[in-house]
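Asks: Listed below are the residues making up each chain.
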Amino acid sequence: AQSVAQPEDQVNVAEGNPLTVKCTYSVSGNPYLFWYVQYPNRGLQFLLKYITGDNLVKGSYGFEAEFNKSQTSFHLKKPSALVSDSALYFCAVRRGAGNNRKLIWGLGTSLAVNP
Amino acid sequence: GAGVSQTPSNKVTEKGKYVELRCDPISGHTALYWYRQSLGQGPEFLIYFQGTGAADDSGLPNDRFFAVRPEGSVSTLKIQRTERGDSAMYLCASSLRAGEEGTQYFGPGTRLLVL
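Those protein sequence lines, which keep their order, are chains A and B.
Letter by letter, the first sequence follows residues 1 to 115 in my numbering.
Letter by letter, the second sequence follows residues 1001 to 1115 in my numbering.
Some hints could be false.
Derived lysine-lysine pairs resembling DSS-like cross-links, with alpha carbons at most 30 Å apart [stated by the list, open to error]:
hint	chain 1	residue 1	chain 2	residue 2
1	A	K77	A	K49
2	B	K1011	A	K102
3	A	K69	A	K102
4	A	K58	B	K1078
5	A	K22	A	K69
6	B	K1078	B	K1017
FYI, nobody ran anything at the bench for these hints, they're computed from the structure.
Remember, predicted model here, so these are calculated numbers, not experimental data.
The task is simple: from the sequences and hints, build the whole structure.
Replies: The structure is reproduced here in structure tokens:
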């Protein structure tokens, strides 16, 4: 069965410091991996995805994520955090092959960037 | 429109009533998805459409829930005999095609409260 784990409910970082939001997954076959961000009272916004190719993918707002097949991880990173990055971050996975198009989501990680 | 729109933004109803939630996807997107998100949880898949047909409705919790997309664009999620446990944020997303890694773009959601 497919599953996603975001082991941290909350991450706190100081503005200007690097941030990491962790995600591990379980899926049969090759995964398609996604990160979304949810700001208060706003819809989910797509940040980035890994489908194939380079393990390091770059996305919106300066975020990037590294696909690590051996560790089944897809951690979200940013070199220098901004206060405006404070939001809820979701990792999602689906199987790359076959007809199953369902995205399976993690429970989310609340990121707080302190000035 | 420029993005996915959902109406109403908020819906308050009484237990036992019938409700309809509407989703207007991005123009040209053939795939449409419905999710339900409870507080503190990630989105939970309900159903997705490819064109007019429901390609996967395995996430619908029971037969009180039904969704249609008669012309392959706007979709309506229908809930009969609402229960207090149906209270949640209902999210709609669309993507260009479901048959690839198509990124899902989300609407702002409809917050349903069943009293």
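Asks: Compare the structure with each hint and give your call.
Replies: These are the hints, each one checked on the structure:
1. A:K77 - A:K49: 13 Å, holds
2. B:K1011 - A:K102: 26 Å, holds
3. A:K69 - A:K102: This hinted pair holds, its Cα atoms lying about 21 Å apart.
4. A:K58 - B:K1078: The hint is violated at about 38 Å.
5. A:K22 - A:K69: 14 Å, holds
6. B:K1078 - B:K1017: 11 Å, holds
Of the numbered hints given earlier, the model fails hint 4 alone.
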